[in-house]
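Undergrad: Given next are the chains, with one letter for each unit.
Number of protein chains: 2
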Amino acid sequence: MKPWESGIRKVTPYIPGEQPRISDIIKLNTNENPYPPSPAVEKVISGYPTETLRLYPDPACQVLVDAIAEYYGIGRDCVFVGIGSDDVLALSFLTFFNQELPILFPDITYSFYDVWAELYRIPFRRIPLDEGFAWHKEDYRIPNGGIVLANPNAPTGLYANLNDIEDVLSHNPDSIVIIDEAYIDFGGTSALPLLKKYDNLLIVQTFSKSRSLAGMRIGYAMGNPLLIRYLNDVKYSFNSYTMNRVTLEAGAAAIKDRDYFVQNCQNIIHTREESKKRLARLGFSFPDSMTNFIFASHEHIDAEELFTALKEHGIFVRHFGADRIKNYLRITIGLPQQMDTLFDFLASYIEKHA
Amino acid sequence: MKPWESGIRKVTPYIPGEQPRISDIIKLNTNENPYPPSPAVEKVISGYPTETLRLYPDPACQVLVDAIAEYYGIGRDCVFVGIGSDDVLALSFLTFFNQELPILFPDITYSFYDVWAELYRIPFRRIPLDEGFAWHKEDYRIPNGGIVLANPNAPTGLYANLNDIEDVLSHNPDSIVIIDEAYIDFGGTSALPLLKKYDNLLIVQTFSKSRSLAGMRIGYAMGNPLLIRYLNDVKYSFNSYTMNRVTLEAGAAAIKDRDYFVQNCQNIIHTREESKKRLARLGFSFPDSMTNFIFASHEHIDAEELFTALKEHGIFVRHFGADRIKNYLRITIGLPQQMDTLFDFLASYIEKHA
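Order-wise, the sequence lines are chains A and B.
Using the numbering used here, read the first sequence as starting at 267 and increasing by one per residue.
Using the numbering used here, read the second sequence as starting at 267 and increasing by one per residue.
These aren't lab readings, by the way, just hints derived from the structure by calculation.
If you're wondering where the values come from, they're calculated on a predicted model, not measured in any experiment.
It is possible that part of the hints are untrue.
Because identical chains cannot be distinguished in the list, a pair is counted as satisfied if it fits within a single copy or across any two copies.
What the hints assert, rightly or not - In silico DMTMM-like links for lysine to aspartate or glutamate, alpha-carbon gap of 25 Å or less:
#	residue 1	residue 2
1	276	380
2	268	432
3	309	515
4	276	366
5	577	440
6	276	384
7	309	324
8	276	571
9	309	570
10	618	405
With the rest of the complex left out, here is chain A (with noise of 0.2 Å):
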């Protein structure tokens, strides 16, 4: 070991889904969006004045913050924006999760919450998803130093109705509460109006998902003003400066376009709701998916082996080794031809190997 090595910080870092370069895969394994963004970002982008670029960027986000307020009628001093909701998760972990009592999320969920916790020495606990991977709410009446819970669950897909949400809230005025709402615009209610009631409450949304822009890095934090100048406060102690000019601009541009965005949500749900008709004709079981993905099991194909065969096939999709869910892979929702591809590699694995 070398003599400046004991003094660094040493983690286990998540390792996120393969992005694989060739261009002939069939992708369904990180939850991207099958279809482009709004075509007002490529108006925004190619138009772009460069000259501009020697500027630094507006360190409070107006244009951004502004258009997501304006979209959601909420004040602009409600919402904070990141790269992604992974930075925004991140920064409030840091700003909000500061007590000895450990911070509850559940045993099965974004594989982040616990990397975050590590990262900044935040005790957790993981309370146990039921044999369904539903939650509980009787289960977060405990004494915690916050909560986090994603809503739809990933990688589940399951959506808990907001009165179990609500529950969880009015249980827990101490605690910062945090719903994960990445995947809430494929057929799930979002918790927005319970803020007017609790100020506890911290929405985080994202752009990569339901608005077609992962490769643009965006994400948000909803929630009362005092939540988000303390997150702005923290922000601005780390780096003033996060959210580039082009990004600004693309962002406020596609959360503009509300048509663009529903029709493309519409057309993902379609999608899997028929993909769940297929899955179950194959014989998967999954739990109901509000979201763009599906997470799926089959009694008898073991769920690495026919990961393994899918990526030789060209069709990647996602495996988890946790061994409750080891025997399931999670498939994104892709375009209808897409879909049509994988459904015929299922079936004729499926013929072959069940």
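Following the hints, position chain B against chain A.
TA: Structure of chain B alone, referenced to chain A:
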């Protein structure tokens, strides 16, 4: 106080230089480059295939990492990139400074260093610069948990020669030494050749100054592959996809255009040297800047009053409140015609007030 407020991380945020939105001002307050970025950047952005933005960017940022590595003639495993050098530096503090011993940096230097140390609860000690704002290598021979030196230093503009940097490296084999070279391209010599000899050296640079891309947010670190791997591990545990697709391509295009870069820096150096002569003629004194700004003081003029007068005249410069430097103004080198306007104003102001 709200019941959930006690566990919130409260910080004194860094206050960045003003980013006024009016367009007819002369902006010499945040050390931006007065010239636009390379034409290659415009080409990349205006032709960017926006349909690919639905996909996540490459988490390894290879296209940009490779371009930087090639430019400097080092291995691709020696380069780390981030959202401006602030992101790279903050992440380096988090990664490398986990000792009980205080990290060391000068009392007058980039004002983010103590903000990051406080944010991450890293003990630190400020080492006073001498009367002429120089630091002395002998002062850095005390037990420490790491060292951070900006070279040239900000806001003084003073450059330290590589022998002094090497002395600090060789006397501190147990510490990571970060050399922040945000302004190195305006006449200084980078510590890059020392990388071969010292594995405890991390050099941080930025596209925000010499490459006219403050609005794009690109910074980078260069160090031995082990340091870079530790940085990447922490980055991946925070946010896998920090740099967006457009930024990666635009940055790679910018760094490949060596001729444009060299000419751009030479223009600014020329204007700076002219500006030094003009400031001296008006009775200002200043450290001999090797940056794109001059840190100037006048025996008979109150800096804060001059700051306000300049602002009222539409000329923005930077004033810092800290005791030792409160009679100085940091003036960014602008276009020649902007400097003419500045000096016309200064001449008439001094005639009236000195």
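Undergrad: For each hint, tell me whether it holds in the structure or not.
TA: Each hint tested on the structure:
| no. | hint | in the structure |
| --- | --- | --- |
| 1 | 276 - 380 | both (15 Å within a copy, 23 Å between copies) |
| 2 | 268 - 432 | between (52 Å within a copy, 18 Å between copies) |
| 3 | 309 - 515 | both (10 Å within a copy, 18 Å between copies) |
| 4 | 276 - 366 | both (22 Å within a copy, 16 Å between copies) |
| 5 | 577 - 440 | neither (47 Å within a copy, 46 Å between copies) |
| 6 | 276 - 384 | both (10 Å within a copy, 20 Å between copies) |
| 7 | 309 - 324 | both (21 Å within a copy, 24 Å between copies) |
| 8 | 276 - 571 | neither (33 Å within a copy, 49 Å between copies) |
| 9 | 309 - 570 | neither (43 Å within a copy, 44 Å between copies) |
| 10 | 618 - 405 | neither (43 Å within a copy, 74 Å between copies) |
Checked against the numbered hints given earlier, the structure breaks hints 5, 8, 9 and 10 and satisfies all the rest.
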